[in-house]
Amino acid sequence: MEGVFRKSANLGSIKRLQDRINKGENIDFENDPEYKDNVHVACLHASVLLKTFFRSLGEPLTTNRLYPKLAALSEVSKAEKSAAVKAFVKLLPRENYILLKTVIKFLTKVAENSKVNLMTANNLSVVFGPNLTWPTDQDVPISQLNNLNNFCYKLIVDYDSVFDH
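Under UniProt numbering, think of the first position of the sequence shown as 1, with each following residue one higher.
Just so you know, the hints here were simulated from the structure itself, not pulled from any lab data.
Predicted model only: the values in this text are computed from it and were never measured.
Glycine included, C-beta positions come from ideal geometry on N, C-alpha and C.
A portion of the hints provided could be inaccurate.
[As the list claims (entries may be wrong)] Have a look at the derived ranges for each label pair, beta carbon to beta carbon:
1) Arg55 x Pro141: 44 to 54 Å
2) Leu50 x Asp164: 17 to 27 Å
3) Tyr97 x Asp137: 12 to 22 Å
4) Asn31 x Ser82: 12 to 22 Å
5) Thr52 x Asp139: 35 to 45 Å
6) Ile27 x Leu118: 44 to 54 Å
7) Lys90 x Asp37: 40 to 50 Å
8) Asp137 x Lys36: 37 to 47 Å
9) Val76 x Asp28: 42 to 52 Å
10) Pro68 x Asp28: 34 to 44 Å
11) Asp28 x Asn64: 32 to 42 Å
[Stated by the list, open to error] No farther apart than 27 Å at their CA atoms in a straight line, the calculated lysine-lysine pairs in the DSS-like style are these:
12) Lys86 x Lys36
13) Lys36 x Lys69
14) Lys23 x Lys36
15) Lys109 x Lys86
16) Lys101 x Lys51
17) Lys101 x Lys81
18) Lys7 x Lys105
19) Lys81 x Lys23
20) Lys115 x Lys36
21) Lys7 x Lys78
22) Lys115 x Lys51
23) Lys115 x Lys105
24) Lys90 x Lys78
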């Protein structure tokens, strides 16, 4: 779907979907009556729900505690950036590392289809950078947004070298 993660959805629809999931209901986007005949709405709702999930965690996947180290990555030279990003993700708690690795793998797949969906690694990093990295326990200058997006971009484009397999 073109621009899948850049589009917004009806807030009421997303809230109803969240409520269903929070009640333990399994959502089958292919056969659910609400989505069965509209794959675009299903994709849109799933994408908004994913972004909403990361924003609602209370703490970014990169953790508040590690934010100073994440911010310091902006000072690392381009030649050493991938190694520094790899070293940083190894500092994450195991659960955070696994979830980050999984979502970034998914984003690499989305980026591989950018000719159709227009979601390049750069576009995805703009959408997901703040959702995965923005600290919740401190004030951060908006000027840091570019650095956080660049970190997310490196995760996507250097996935194979950053994450252990």
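*asked:* Holds or violated: lysine 90 and lysine 78, Cα atoms, limit 27 Å.
replied: holds, 19 Å
_Within 44 to 54 Å: is that where the Cβ-Cβ distance between isoleucine 27 and leucine 118 falls?_
Given range 44 to 54 Å: violated, Cβ gap about 26 Å.
*Range hint compliance [Cβ, asparagine 31 to serine 82, 12 to 22 Å]*: violated, 42 Å
*asked:* Holds or violated: lysine 115 and lysine 51, Cα atoms, limit 27 Å.
replied: Answer holds: lysine 115 to lysine 51 is near 22 Å, not above 27 Å.
*Under the criterion that the straight-line Cα-Cα distance not exceed 27 Å, is the pair lysine 115, lysine 105 satisfied?*
Status holds; Cα separation ~18 Å.
*Kindly confirm whether 44 to 54 Å is satisfied by the beta carbon distance between arginine 55 and proline 141.*
violated, 19 Å
_What's the verdict on lysine 109 and lysine 86, does the C-alpha distance respect the 27 Å limit or exceed it?_
Distance of about 20 Å is within 27 Å: holds.
_Given hint lysine 23 paired with lysine 81 - CA-CA distance at most 27 Å_ = violated, 42 Å
*tyrosine 97 paired with aspartate 137, Cβ distance criterion 12 to 22 Å*: For tyrosine 97 and aspartate 137 the Cβ distance comes to about 20 Å; the hint holds.
*Has the hinted range 37 to 47 Å been met by the Cβ atoms of aspartate 137 and lysine 36?*
holds, 42 Å
*Per the hint of 42 to 52 Å, is the separation of the Cβ atoms of valine 76 and aspartate 28 within bounds?*
Cβ of valine 76 to Cβ of aspartate 28: about 44 Å, so the range 42 to 52 Å holds.
*Within 27 Å, alpha carbon to alpha carbon, are lysine 101 and lysine 51?*
holds, 16 Å
Of the hints listed earlier, those the structure fails to meet are numbers 1, 4, 5, 6, 12, 13, 19 and 21, in rising order.
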